[in-house]
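Q: Sequence:
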Amino acid sequence: MDREYGTCYCDESCVRNKDCCFDYFTDCPAQDCVMSEWSFWSGCAEPCEPSVRVRVRRTEQQSSNSGKPCRSLEERAGCREYRDHQGNRCGLNSGTAFITSMEFGKRRPKHDSYGNSLDPGFCVEFTLESRTPHCTAENRPHTHWMRYITEGFKVCVVCEPPAMHNNSGSCQGDGQEPNKKALLHWQAVGNPQCHGTWKMIQKTQQCNCPPQHSFVFI
Numbered sequence: 001m002d003r004e005y006g007t008c009y010c011d012e013s014c015v016r017n018k019d020c021c022f023d024y025f026t027d028c029p030a031q032d033c034v035m036s037e038w039s040f041w042s043g044c045a046e047p048c049e050p051s052v053r054v055r056v057r058r059t060e061q062q063s064s065n066s067g068k069p070c071r072s073l074e075e076r077a078g079c080r081e082y083r084d085h086q087g088n089r090c091g092l093n094s095g096t097a098f099i100t101s102m103e104f105g106k107r108r109p110k111h112d113s114y115g116n117s118l119d120p121g122f123c124v125e126f127t128l129e130s131r132t133p134h135c136t137a138e139n140r141p142h143t144h145w146m147r148y149i150t151e152g153f154k155v156c157v158v159c160e161p162p163a164m165h166n167n168s169g170s171c172q173g174d175g176q177e178p179n180k181k182a183l184l185h186w187q188a189v190g191n192p193q194c195h196g197t198w199k200m201i202q203k204t205q206q207c208n209c210p211p212q213h214s215f216v217f218i
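Counting in full-length UniProt numbering, the sequence shown runs from 1 upward without gaps.
Source of the hints: derived by calculation from the structure; they are not laboratory data.
Note that the structure is a prediction, hence the values are computed from the model and not measured.
Misleading hints may appear alongside valid ones.
[Said to hold, decoys possible] Restricting the straight-line Cα-Cα distance to at most 30 Å, the calculated cross-link-like pairs of lysine-lysine (DSS-like) are:
1. K154 / K181
2. K154 / K203
3. K154 / K199
4. K106 / K203
5. K110 / K203
6. K110 / K154
7. K110 / K199
8. K106 / K154
9. K68 / K18
10. K181 / K203
11. K199 / K106
12. K181 / K199
[Unchecked claim] For each label pair, taking beta carbons as the anchor points, the in silico distance ranges come out as:
13. T132 / Q61: 37 to 45 Å
14. L73 / L183: 37 to 45 Å
15. S36 / H144: 43 to 51 Å
16. Q31 / L118: 29 to 37 Å
17. K110 / K181: 56 to 64 Å
Glycine residues also receive a C-beta, built at the ideal position from the N, C-alpha and C atoms.
Using the sequences and the accompanying hints, generate a full structural model.
A: What follows is the structure in structure tokens.
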């Protein structure tokens, strides 16, 4: 940048190099990107199956003079709706268990629309037998919990409404089959490539695993 007294600079490094323009401190300070707050999460893209929800934000002011750049305008997270577009409850089966972080479970409602307490559910302990390498590659804000899924460890998974079936009092893939030694399949909601197998240890009323090894059926 040319000024009256020759070449000068208008970036943060000029302070260190002592070659700033004379009006640097009034016209050249770094301006970080300014972004809006996140929108509310959308509904699940598809009902009755593991899907994704989205939230967005917008850029209100671009960065300048080496300020912090703008970050992502969109975030996605796994989800599952338990009713179809007509409001009917989805038909669930005893297939693969779909799981997500315990933090998701903490935000679930504990009372129905009439103020009555919902079934508190139960906990199932599993020994993790296998998982795909895609789980450890996750570092997005809403999927980094998958990095802690490790073979050989005991994990705890909560079965509670709305994932709990009204009639059977169980969750899909919770291990309550006749063969207690069966090798069962699980999948992380939010990344279909993160999946594996586990064996049921026992069903308990309370989960006693560390937070990083505690999940919920979804």
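Q: Which of the stated hints cannot be reconciled with the structure, identified by number in ascending sequence?
A: 15, 16, 17
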